[in-house]
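*Asks:* One letter stands for each residue in the lines below.
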Amino acid sequence: MLLAGMNFALLFAALVQRRTRPLLRDQELRLYLALLGVGTLVLALELAGEGLYAGEQAIRHAVFQTVSTMTTTGFASADFTTWTTLTAVILVGLMFIGGSAGSTAGSVKVVRHLLIGKVLRRELDQTVHPEIVSPIPLNGSVVQERTLRAVIAFVLLYVGLFAVGALLITLDEALANSRVTAFEAVAASATTLGNVGPAFGFAGPMGSFEPFSDLSKAVMIVLMWLGRLEIIPVIVLFTKRYWRT
Amino acid sequence: MISVARLRRAFRRDTFGVDVEAVLDLVGALLKYLGLAFLVPAAVALGYGESVWPFLLSGAITSAAGAALERLATGKERVSPREGFLIVALTWLLVPAFGSLPYVFAGEAELGRPINAYFESVSGFTATGATVLEDFDTLTRSLALWRQFTQWLGGMGIIVLAIAILPRLRVGGRQLLQSELAGPTEVERLSVSIRDTARRLWVLYVALTAVLIALLALLGWTGVEERMNLFEAAAHAFTTVSIGGFSTQARSLEAFGPAVQWTVALFIVLAGINFLRLYRLFVQRHGRAFARDEELRLYLLLLTIGSAVLLVELVGSGRFAGEEAVRHAVFQAVSIMTTTGFASTDYVAWGPLAAVTIVGLMFFGASAGSTGGSIKVVRHLLISRLLRRELDQTVHPEIVSPIRLNGAVVEERTLRAVLAFVLLYVGFFALGALALVVESFRTTTGVSPFEAIAAAAATLGNVGPAYGFAGPMGSYEPFSPLSKVIMIGLMWLGRVEIIPVVVLLTRAYWRS
Numbered sequence: 001m002l003l004a005g006m007n008f009a010l011l012f013a014a015l016v017q018r019r020t021r022p023l024l025r026d027q028e029l030r031l032y033l034a035l036l037g038v039g040t041l042v043l044a045l046e047l048a049g050e051g052l053y054a055g056e057q058a059i060r061h062a063v064f065q066t067v068s069t070m071t072t073t074g075f076a077s078a079d080f081t082t083w084t085t086l087t088a089v090i091l092v093g094l095m096f097i098g099g100s101a102g103s104t105a106g107s108v109k110v111v112r113h114l115l116i117g118k119v120l121r122r123e124l125d126q127t128v129h130p131e132i133v134s135p136i137p138l139n140g141s142v143v144q145e146r147t148l149r150a151v152i153a154f155v156l157l158y159v160g161l162f163a164v165g166a167l168l169i170t171l172d173e174a175l176a177n178s179r180v181t182a183f184e185a186v187a188a189s190a191t192t193l194g195n196v197g198p199a200f201g202f203a204g205p206m207g208s209f210e211p212f213s214d215l216s217k218a219v220m221i222v223l224m225w226l227g228r229l230e231i232i233p234v235i236v237l238f239t240k241r242y243w244r245t
Numbered sequence: 001m002i003s004v005a006r007l008r009r010a011f012r013r014d015t016f017g018v019d020v021e022a023v024l025d026l027v028g029a030l031l032k033y034l035g036l037a038f039l040v041p042a043a044v045a046l047g048y049g050e051s052v053w054p055f056l057l058s059g060a061i062t063s064a065a066g067a068a069l070e071r072l073a074t075g076k077e078r079v080s081p082r083e084g085f086l087i088v089a090l091t092w093l094l095v096p097a098f099g100s101l102p103y104v105f106a107g108e109a110e111l112g113r114p115i116n117a118y119f120e121s122v123s124g125f126t127a128t129g130a131t132v133l134e135d136f137d138t139l140t141r142s143l144a145l146w147r148q149f150t151q152w153l154g155g156m157g158i159i160v161l162a163i164a165i166l167p168r169l170r171v172g173g174r175q176l177l178q179s180e181l182a183g184p185t186e187v188e189r190l191s192v193s194i195r196d197t198a199r200r201l202w203v204l205y206v207a208l209t210a211v212l213i214a215l216l217a218l219l220g221w222t223g224v225e226e227r228m229n230l231f232e233a234a235a236h237a238f239t240t241v242s243i244g245g246f247s248t249q250a251r252s253l254e255a256f257g258p259a260v261q262w263t264v265a266l267f268i269v270l271a272g273i274n275f276l277r278l279y280r281l282f283v284q285r286h287g288r289a290f291a292r293d294e295e296l297r298l299y300l301l302l303l304t305i306g307s308a309v310l311l312v313e314l315v316g317s318g319r320f321a322g323e324e325a326v327r328h329a330v331f332q333a334v335s336i337m338t339t340t341g342f343a344s345t346d347y348v349a350w351g352p353l354a355a356v357t358i359v360g361l362m363f364f365g366a367s368a369g370s371t372g373g374s375i376k377v378v379r380h381l382l383i384s385r386l387l388r389r390e391l392d393q394t395v396h397p398e399i400v401s402p403i404r405l406n407g408a409v410v411e412e413r414t415l416r417a418v419l420a421f422v423l424l425y426v427g428f429f430a431l432g433a434l435a436l437v438v439e440s441f442r443t444t445t446g447v448s449p450f451e452a453i454a455a456a457a458a459t460l461g462n463v464g465p466a467y468g469f470a471g472p473m474g475s476y477e478p479f480s481p482l483s484k485v486i487m488i489g490l491m492w493l494g495r496v497e498i499i500p501v502v503v504l505l506t507r508a509y510w511r512s
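Listed in order, the protein sequences are those of chains A and B. Using this note's numbering, read the first sequence as starting at 1 and increasing by one per residue. Using this note's numbering, read the second sequence as starting at 1 and increasing by one per residue.
What the hints contain is simulated information worked out from the structure, not anything from laboratory work. Think of the CB as a built atom: it goes at the ideal place given N, C-alpha and C, for glycine as much as any other residue. Just so you know, not all the hints are guaranteed correct.
Said to hold, decoys possible - Derived Cβ-Cβ restraints for the label pairs, each shown as a range:
id, chain 1, residue 1, chain 2, residue 2, range
1, B, A508, A, R30, 47 to 57 Å
2, B, A291, A, G49, 54 to 64 Å
3, A, L215, B, A214, 45 to 55 Å
4, B, R319, A, T82, 27 to 37 Å
5, A, T82, B, V426, 27 to 37 Å
6, A, V133, B, S317, 50 to 60 Å
Sequences are here, hints too, so could you generate the full structure?
*Replies:* Structure (structure tokens):
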């Protein structure tokens with residue numbers, strides 16, 4: 001999972017062409033590993049601190065769940081729905097990070113987070129010194145403004161669709177009178193849009209999405225489809241401009 | 001005195017890129033006048049035969065501290081936008097600190113503890129409405145009025161901040177407020193100077209408050225609402241017009257009948273409109289331009305949609321029917337979306353659909369240029385237009401189309417600032433929620449993930465009540481001291497629109 005969540009172009013260069021430098025120097029890879037490290041550390045401390053697991057077991061479950069959830073794989077080495085509140089929030093948070101661009105992972109992806117961070121940093125510098133015009137570099141080359149705008153648009157659409165998805169799932173559950181809590185609906189929306197898999201409640205890693213109503217399943221089918229195609233190709237179909245000659 | 005001299009030298013422009021001395025001078029001047037505000041609760045205390053000393057002492061300390069700061073630091077009349085960030089950030093930290101003194105001096109059972117006093121005061125001056133009070137019965141009349149009054153004072157500050165200061169700091173974007181609504185002469189006249197703009201809008205603010213006090217008092221006087229007297233009318237008018245949400249009643253607006261609830265809901269909707277536009281409607285009589293405003297239309301549309309979704313939940317679950325269902329749905333949608341925080345009934349007991357809708361509404365906010373908090377409607381409007389353009393450009397990369405608001409082209413710079421704000425807002429919300437979960441877990445406070453999410457959204461958005469024990473009929477008291485500090489930070493960040501605080505953390509800001 002860890003390997004499959006890396007950029008395949010860089011992996012190819014490293015493994016087949018024996019050029020490891022681009023891979024090792026890649027800023028996205030570094031952030032990817034750092035995020036996995038932080039997620040693992042927090043989960044391990046929490047699991048050990050709460051006495052749920054000890055020693056190797058705590059570390060194994062923490063590493064496994066972090067890697068599996070953040071890269072949007074969805075395997076589970078233990079039923080994390082029975083873990084604590086803190087782990088629940090962290091796991092749902094990890095669902096929004098994703099793997100590297102150019103991997104088979106879903107969700108927002110690490111490079112977009114990296115670029116958003118750089119854009120915000122520049123915006124703050126420009127707030128103080130409006131005269132500054134500085135390009136944003138990634139791995140030494142300048143990223144086009146057009147690309148940056150597309151990244152921001154994607155992230156905002158992602159957050160917006162996630163919220164709409166969560167609302168629709170609760171709307172349907174309220175009408176069908178089934179028992180889905182607000183947090184479970186949020187998790188279900190995040191997990192399907194991010195192409196992760198398991199959520200919380202009955203839709204946990206050892207459970208099934210079967211108890212959801214038909215309408216909720218339809219909503220989640222759309223979310224998985226949107227997430228996989230990176231949203232914009234689908235939404236574009238709904239603009240008038242696309243169909244006009 | 002040598003140390004003072006050295007300190008002063010260190011604060012001069014040659015050490016930092018920012019004139020810290022001028023900043024302290026201005027903040028000092030503000031505190032000096034803030035001292036006078038304590039005379040209002042002191043007068044109430046006299047009227048009810050309660051102790052006036054907590055207020056007089058607090059007022060004296062505030063004025064003295066302000067005068068001392070002004071003395072120590074010699075400033076100039078004019079400061080640059082760069083100093084503005086520090087002034088804004090410091091003011092919204094220091095004013096609540098002095099405003100919390102009466103709670104401590106009065107030795108109030110719950111508010112007397114310093115952390116609680118500061119939380120309540122920050123929640124007051126930022127017009128949030130999150131309270132740590134659990135027992136409302138032992139609160140003296142004068143202290144109860146001070147709570148309400150801090151929100152009203154905060155509202156006055158927010159109007160100046162939102163309309164005169166933040167646009168100059170490129171945070172709100174002047175264009176978002178003024179656009180092409182009125183003829184160019186009016187725009188000019190209305191923005192002659194910060195002082196003049198503030199004075200005009202304060203008149204409107206005071207007038208709105210006075211009308212609401214009169215209406216509520218009339219409801220009490222005619223016997224429609226027995227529990228409403230002049231004190232309650234003033235107390236609730238203060239926190240309605242400021243979009244604050246503090247109440248003197250433990251059960252918030254549930255303590256009053258339908259007539260009061262509908263009246264308050266109407267005034268919340270009014271207070272959530274851009275004050276510049278309200279001024280043009282009421283004073284300059286530009287009814288047409290007012291009705292055509294794109295932000296206003298979206299604002300009313302969103303309020304309607306929010307009310308409709310809540311109504312579906314209330315009727316569908318059979319909790320309420322008829323007028324009651326409509327009233328509770330409208331009241332909660334209006335109160336939460338504008339970030340007021342009053343409640344006409346305990347919405348915590350409602351179903352998951354209502355829960356997700358209510359927390360979702362916390363991210364909309366009222367109009368720009370009102371006393372409401374959160375992201376604000378105009379930013380949502382611009383973001384949707386930006387996304388629309390982005391999609392059009394995906395299909396036709398050669399298209400270059402400007403984005404318009406009320407017919408005027410919005411600068412790309414303003415759009416970038418809007419994007420940065422929204423991304424930072426979402427980021428701080430997520431960080432805040434995570435921090436609250438970590439902390440409540442460490443101290444075994446028993447907060448569910450959804451409750452932590454709601455509390456972060458409610459404090460960052462300056463809404464007030466959240467879910468669980470921090471619901472509209474509950475209190476933030478069970479949160480640990482560190483959680484309270486985190487939420488004080490969120491209320492502060494949300495109120496000053498994040499960027500003035502985050503900018504202070506960059507090296508570029510302090511370098512000369």
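*Asks:* Hints broken by the structure, by number, lowest first?
*Replies:* Of the numbered hints given earlier, the structure breaks just one, which is hint 1.
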